[in-house]
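S.K.: Last residue of the sequence shown? That's 410 in our numbering, and every number before it is there in order.
Be careful, since some hints might not be right.
[As the list claims (entries may be wrong)] Derived DEER-like restraints, expressed as beta-carbon distance ranges:
#  : residue 1 : residue 2 : range
1  : Leu165    : Lys324    : 20 to 28 Å
2  : Phe29     : Glu392    : 29 to 37 Å
3  : Val240    : Phe164    : 46 to 54 Å
4  : Glu370    : Ser221    : 29 to 37 Å
5  : Pro246    : Ala194    : 33 to 41 Å
6  : Ala68     : Val240    : 40 to 48 Å
7  : Glu396    : Ala288    : 53 to 61 Å
8  : Pro246    : Glu124    : 29 to 37 Å
9  : Ala288    : Glu392    : 16 to 24 Å
10 : Glu170    : Glu289    : 43 to 51 Å
11 : Glu370    : Ile57     : 22 to 30 Å
12 : Glu170    : Ser211    : 41 to 49 Å
13 : Thr75     : Ala288    : 33 to 41 Å
Derived by calculation from the structure, the hints in this document are not laboratory data.
Ideal placement from N, C-alpha and C gives every residue a C-beta, glycine not left out.
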Amino acid sequence: MHIRRCAVVFIEPRERLDFDLGRLVTGGTGVEMVREWIALAAHLDDEIALDTAEVTALGALSLEEWIDFDDACRTLPREVLERLLDKGLLLGDGDENAGTGERDEQVRTSHWRGLAATVHRHTRWSGVDTLEAERRFGEETDRPFLERLGEPETPVRERVESNQRIALGKPTDSALEALIRQRVTCRNWDVSRPLSAEDFASTLYRTFAARAVSDEPGITVMKRAVPSAGGLHPTEAYLLVQNVEGVTPGLYHYHPIDHALEPLGDIAAEDSQALALRIVAGQRHFMKAHVIIILASRFRRTFWKYRNHAKAYRAIILDAGHLSQALYLAAAERGLAAFITAAVNERDIEEIFGLDPMLEGVLAVSGFGWRGELVDEVEFDPLGSVWPRSD
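Can you build the whole structure from these sequences, using the hints too?
M.R.: Listed below in structure tokens is the structure:
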């Protein structure tokens, strides 16, 4: 067998407190500081604890050159190399390593920047319930919120005294300004009122559809409602449709050139909200939206041009902001409401829609539909654009 190191791995020194009963029995506090090395690899979901010998061995092996395992054992301890193979940080060319090797090969051939690939892989959630986490946090202490967290940063950084600022004229009211004022994140949904097929199609078109397609030398580019690095538009929409007239509840992919839905599987109406709740990590105020949209980026589309580029991943993330604002305005234009959240269970979403995280990764989740008539969940509407102010 031949071996080599995985393509991308970062090793982080950490410290944590641990309890040792033996120290307590002998008169100590029982608390000890444990120092350890943690490996974060771009092809593995889990963090991996290493000892010093394993760290040394990883640093001694090439990420490109294959070496005979027995030859490597002449300079490095065999048991250390075997542990690294078991942990997936060393790759072998045998069948028993095929799955790990395939994931590593995806990272190598997709032109990821190493640090970006690691950040993307290791900031994904699975099975997280954010509201339950908030509840536990509140039960851990009875101290007031500000006392627990400290004073927040000021809303604006002020670089000069107020009398040194140059006042600017405000624009007159316009249709765009009125639309912007209507942009209020929704937490209350009217599940008794289905979304019409026209409202559904219009909102998707305004947000995601290609207005023009151009075949440039070697690549097809699209003109859409929002900008995207290189005009490549890698970020696409996967839908969980829950309450739309004429559309069976289920999973879909939106085709931006054909302005059409690609069915991926039906979901029983009584099961859709539970699935939505899993997607939005327990945020119950979003689970009843008529349409849930997963913003997922095809990384190779952008990395084809911007290879191993320090800014490429950041440029892709911008897509989520552009598209979510377009969705808010498109929904507001038709009297609908929308939301966007990054607190999502990416790994669960990948399983639901059949996505590979390093090829087609989840950036955020948005959604839209009819706003409810009652305020069961507080919404931030200081202008009173949606909920008239009592004062």
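S.K.: A separate judgement is required for each hint: does it hold in the structure or not?
M.R.: Okay, the hints, checked on the actual structure:
no. : hint                        : result
1   : Leu165 / Lys324: 20 to 28 Å : 47 Å, violated
2   : Phe29 / Glu392: 29 to 37 Å  : 51 Å, violated
3   : Val240 / Phe164: 46 to 54 Å : 48 Å, holds
4   : Glu370 / Ser221: 29 to 37 Å : 31 Å, holds
5   : Pro246 / Ala194: 33 to 41 Å : 22 Å, violated
6   : Ala68 / Val240: 40 to 48 Å  : 45 Å, holds
7   : Glu396 / Ala288: 53 to 61 Å : 22 Å, violated
8   : Pro246 / Glu124: 29 to 37 Å : 32 Å, holds
9   : Ala288 / Glu392: 16 to 24 Å : 22 Å, holds
10  : Glu170 / Glu289: 43 to 51 Å : 46 Å, holds
11  : Glu370 / Ile57: 22 to 30 Å  : 25 Å, holds
12  : Glu170 / Ser211: 41 to 49 Å : 43 Å, holds
13  : Thr75 / Ala288: 33 to 41 Å  : 57 Å, violated
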